[in-house]
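**Q** Quick mapping for you: the protein sequence lines, in order, are chains A and B. Reading the first sequence from the start, the letters are residues 1 to 352 in our numbering. Reading the second sequence from the start, the letters are residues 1 to 511 in our numbering.
Be aware that a few hints might be false.
Label-pair ranges, simulated between beta-carbon atoms [to be verified]: (1) B:Asp260 - A:Val66: 32 to 40 Å; (2) B:Asp260 - A:Lys68: 50 to 58 Å; (3) A:Val66 - B:Pro357: 31 to 39 Å.
Worth flagging that the hints you see were computed from the coordinates, not collected in a lab. For glycine and all other residues, C-beta sits at the position ideal for the given N, C-alpha and C.
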Amino acid sequence: MEFSQLQHYSPHTPAQASVSRVMLNVMLALIPGIVVYIFFFGWGVLVNIVLASIFALLAESLVLAVRKRPVFTTLLDGSALLTGILLALALPSHSAWWVIAVGVFFAIIIAKQLYGGLGLNPFNPAMTGYVVLLISFPLEMTRWSPPLELAEQSLSLIEAFRYSFSGYLPSSMDLDMISLATPLDIARERVDMGMKLSAVRSEFSIFSLLSGKGTEWINVAFLAGGIWLLFIRLIDWRIPASLLLAMGAAAGVFWLINPEQYLSPLFHLFAGATMLGAFFIATDPVTASTTPVGRLIFGAGCGLLIYIIRSGGGYPDGVAFAVLLMNLSAPLIDHFSQPRITGYKKPEEPKP
Amino acid sequence: MAKLYTFPGGLKLEGHKAISTNQPISKANIPDRLFVPLNQNIGSPAECIVEKGQRVLKGQMIGRVTDYVAVPVHAPSSGTVIDIQKFPAAHASGLPSDVIIIEPDGKDEWLERKPLPDITELDPSELRNMIRCAGIVGLGGAAFPTFIKLNPVGHQIKTLILNGAECEPYISCDDMLMRERPHEIIDGAKIMRHALNAASVIIAVEDNKPEAIASLQTLVNDLDWMEVQSIPAIYPTGGERQLVKVLTGKDVPSQGLPLDLDLVVSNVATAAAVHHALDHQQPLISRIITVTGSGVSSPRNIEALIGTPMSDLIEMAGGYTEDADRLIMGGPMMGITLKTDATPVVKASNCLLVQTPADHATEAICRPCIRCGECVKVCPVKLLPQQLYWFSQAKNLDGLQTHHLFDCIECGCCSVVCPSHIPLVQYFRYGKSESWKKEQETIKSDRARERTEARTKRLERIKAEKKAQHAARAKKTATASNDRQKEIQAAVARTKAKKAESSSGIDSLNT
């Protein structure tokens, strides 16, 4: 019997994994965090996610059509959707539609597709989009909602949608009711003003046992999702572990020096976007280090930078800047952290 | 139980071995035609020493060696040589090679065999020569001449490792050999140990073959120099370097051999072949081959003569199933596809795998690399496959060199786990061949440059020599003309003097 005259190459096995499956699993792991986020901060979170997802798919389709690439099969890889969701999670919970649109379009079109699309972007698209928004629209981007338990009134799902598109609030509410500084902001500002941390924490009702009301539970939920990702071996332990460890260690040193001036490591670990950043953003394989040692350095760098930016910067959180700065360093880290190859005494001097 | 180590990476694969081990090894009949390729080993092919129409006996040498890395080829059965021609070969290139076609006479008449003296009385070099004359090569798939491996070249061999790991899915020929004929392996090991003067022998078997381990164990129990070692079934633990790592914890140096660690690794079937060659004076003319996969009706192991067409074996295994669409020599991880089942069994054929579309990934979409690093995790050599992929794509040969492409063993683990379904190993083979090509070109251009330089030098030398000659001649002429000038001047001077003399004489006369 004659067989195909084409040469097929080994291995002759069915595919075990797929990019779509990877992205889907990451999205599944986000669900607990998203649910808790909505529970504590209202429907605005969901509105953000829905809008960002739609814009992300739109932007990706648009560019793919212009680039004459298969639109549908490429959308199925799930990467654009994930970028949209991650960016939505970084936004204040009641964001205007155009803020979301600008961020997502920048993330997908400029930060991802203009570099060549999936796999070729040097910077994390969601974080690039977020930083563009943060720098361009500082007012809109610092209008953080208080946790529901502190709010006198909250928006229903319909009202949240309407607010996003028209800025319309029910007559009984005003803008101040849906905007508040974050615990990290309050702590930094008040300490700069000379207050003691213990006084700050007791004065402002937003503070809670670990960090901020609601925020701490969102972090716990993202941590749970992240641990599941580790368990199914979809992400490597090195980046989240070194990130959390480096951040905790840096915070610990300063906290031990003066606990009235510096927030505790535990606070930092469960505040802001720490867990989301550690398990879902810094671990983006495309833009992170890929060597085992490189990943440790990459994670530790992120952790230290987050702490530095949080403590000394003027932004609500430092995750986005920290990750982007480390994205910038990833190729260099990879270059100098090549593993020792089996059969060699020590890693050979890499040649530039 | 000795302490075991682990090698980096690797994969736990589903074995699929039970489908071919539920019946004993069957013996194939002598086929209508035997197609014996002359090139069946790594190194140089044998040279044909028979003619068309000549009668040959079973075990008679029909191809002789012309080089060091080479072994002879023998007639698998008695019969007549009907042709010597190009024929499709079981080789990755798919290129035809020289094949001696024998029409067996059915008598299966042996060449006269002389009994050998006790092997322990023989000198190791004599043993090696006999093993070479029997045409024995490594039967694990690489087909490297065994006599070279059995030469310790100055090393005091500590351990001979017999590789019975058989880590690739579907393949079970070594498993069945160990189950049914353990004594052959142990008798072969005795001879190999003597040839190497090795202190001990370890037979390493993956723990998914308990029957094989048990059957060897009963024979090994009262031997103090030999042990059976069960090792975890992780692909590719049967790779020579990986096996050495698992058993000793040591890395074989990158460009080196297990010999550098005073070890020799050989396949269990090779040991059995050595036993046949020296205890029964039978050269390597048959082997056990697994015929398996969802594309054959009744998978099994078959002992077949070298040169038997694969189609005969498929028939013995119940024929193809309806949707059989791919024929592979070797396993699913590293095997090569065959274009036709007319291809004959060669010494390196350990498995004939017939697949159906469901067994291989034809419909998977190839997406861009997302640098997830799964390939890095599974690489048993600790390479960075995703970097090598970039360099291969960009034809960056220097990058391939500095990232050690040539240490890649092409085990296929990275391709299997890649979520983007990138055929990584194929890229690496391409990168290797491009590098070789470039190396050849560099050698060529170096030679051309040397030639040009030599020519320029020669021309310059000739020019310089000519110039020197010219100069010498010019100088000679110049001196010659100088002399002449002097002569003329002297003559003029003499005439003048004479004239002056005579005029003064006149003057004096006038006074």
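**Q** Each hint should be assessed against the structure and marked as holding or not.
**A** Hint by hint, here is what the structure shows:
Separated by about 57 Å at the C-beta atoms, Asp260 (chain B) and Val66 (chain A) break the suggested range of 32 to 40 Å. Between Asp260 (chain B) and Lys68 (chain A) the C-beta distance comes to about 54 Å, which sits within the given range of 50 to 58 Å. Separated by about 36 Å at the C-beta atoms, Val66 (chain A) and Pro357 (chain B) satisfy the suggested range of 31 to 39 Å.
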